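Chain B: place on chain A using the hints.
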Amino acid sequence: MIEHLSAFVLFAFFWAIIYLRMERANRGTVPVMKSLGALDAIDEAVGRASEMGKSVHFTYGKSYLLNTEGGQTVAGSHILHYVSRICARLGATIIATVSEPEGMALTIDSVEQAYIMENASDQFVLENIIFTGPGLAYNSYVINLLETERPAANIICGRIASASLLVAETGARVGAIQIAGTATTFQCAFFAAVCDYLLIGEELYAASAYVTKDPELLGAIEAQDILKLISIALVLIGFITVNLGSRIIISLLSY
Amino acid sequence: MVTAIFGISMILSYFFSKSIPALNTISNELMTWGKIMSAFALFLGATTMTVSHIRKVQGKDPKERFLSSWLIILIIVFSVAGILFEPTVGSYALWYNVVAMGIGISTESLLAFYIMVAAYRAFRFKTVESSLLMISCFITMFWSAPVGAAIWPGITELGNWLMNVPNKATTRGIILGIAVGTISLGIRMIMGKETAYLGGEE
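Keeping their order, the protein sequence lines are chains A and B.
The first sequence runs 7 to 261 under our numbering.
The second sequence runs 11 to 212 under our numbering.
So here's chain A without its partners, still in its complex pose:
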């Protein structure tokens, strides 16, 4: 009746853990999250842009929403919303480049709502949300934008592929503070070499909880850590049982 039964059981268990931890945090036991330098640096980066009279550039990379990588775009939009709020507060200009059309509405909404929440809706400029087109058009446009606009801060948060080094290296060359975040493991190495701050993997997904300090979201992050420990325990138990000649864990997880 249920396909992928083991996955369903694990998923239901994960949901239960997340729900229970969120409820626990709601009732007062709020977990403490370790500091993420990259997110703390956003205030500094936007402040620098505001003082220098320069803009802040934000990009997702590939702003997919309709496939499995859409989660990175959504996580990036949370950071974009936070960056936009600080830009609206400090009077800095934010320029967001979007490569895929499906990310356009999300980006416009994230930025516009941020300005409305800061009572600065008159400062919102729709032309600063730029649809570049995918692939090669995106690479060329962003390189040109960084070279001509010379923003003080370059924030790259989302699913990014080969354009990672093109964007990050150009940002470094124009002297921008660079904050990157991606769950694409191949690109983390390039960002680590070039950017000032980096969010690796799950830190990108924890960004909204970190910047809002919402108790329920912090509870969900705590649940994430518990789930990771459970996953590691499963891996270790599987490793031990396989070496002892039993495939029980593999059979259970393949059911």
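Hints listed in this document are in silico derivations from the structure and should not be mistaken for laboratory results.
Treat the hints loosely; a few may be bogus.
Claimed, not checked - Pairs of lysine-lysine residues, derived as BS3-like cross-links and limited to a Cα-Cα distance of at most 25 Å, are as follows:
hint : chain 1 : residue 1 : chain 2 : residue 2
1    : A       : K40       : A       : K234
2    : A       : K219      : A       : K40
3    : B       : K70       : A       : K219
4    : A       : K60       : B       : K203
5    : A       : K219      : A       : K234
6    : A       : K40       : B       : K203
7    : A       : K60       : B       : K66
8    : B       : K70       : A       : K60
9    : B       : K203      : A       : K234
10   : A       : K234      : B       : K178
The structure presented is a predicted model; accordingly, all values stated were derived computationally and were not measured.
Quick look at chain B alone, frame taken from chain A:
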């Protein structure tokens, strides 16, 4: 509410599509809706881009006026030509494959130079971490290049070990965290706790 209904429908269709075929139909329909919305979003993006370039044509900077005019002319010509003629064969396809793709590939080739510059800046014997990065970079470079095995045959085994043991282990650890984070984000959005993409809550 909409997010919750659509999200739960997609999840249920993954687990129950054989026993409840209607869920399969629903999920396929939702994916089709997504593609239709994506097409409208493309129209929105193209319109925004065109309006932005029209404003630049009306501006004072001669370089921007020239480039924006050129872009608008290209958009109009290629759109009309694509509608009137077959876009996959003939002159249209030739223009696209030779000119547009050629320019794009040239842009991607810049990566090689960007990597060299980034490596020159990043690889220093300053700290333990940066030294490890530099040493592993050299090993990987010699392992990848055919001349590496000619210089020292042992580089193949060392490179294979580096890629298959520490690199793969670390990558799998990061992927584990990413997977759990993605599931958590999805559940938070379905439960309505993540609202930043809707404008947030005060």
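Verification of the hints:
| no. | hint | in the structure |
| --- | --- | --- |
| 1 | A:K40 <-> A:K234 | 16 Å, holds |
| 2 | A:K219 <-> A:K40 | 12 Å, holds |
| 3 | B:K70 <-> A:K219 | 46 Å, violated |
| 4 | A:K60 <-> B:K203 | 34 Å, violated |
| 5 | A:K219 <-> A:K234 | 21 Å, holds |
| 6 | A:K40 <-> B:K203 | 21 Å, holds |
| 7 | A:K60 <-> B:K66 | 20 Å, holds |
| 8 | B:K70 <-> A:K60 | 21 Å, holds |
| 9 | B:K203 <-> A:K234 | 21 Å, holds |
| 10 | A:K234 <-> B:K178 | 18 Å, holds |
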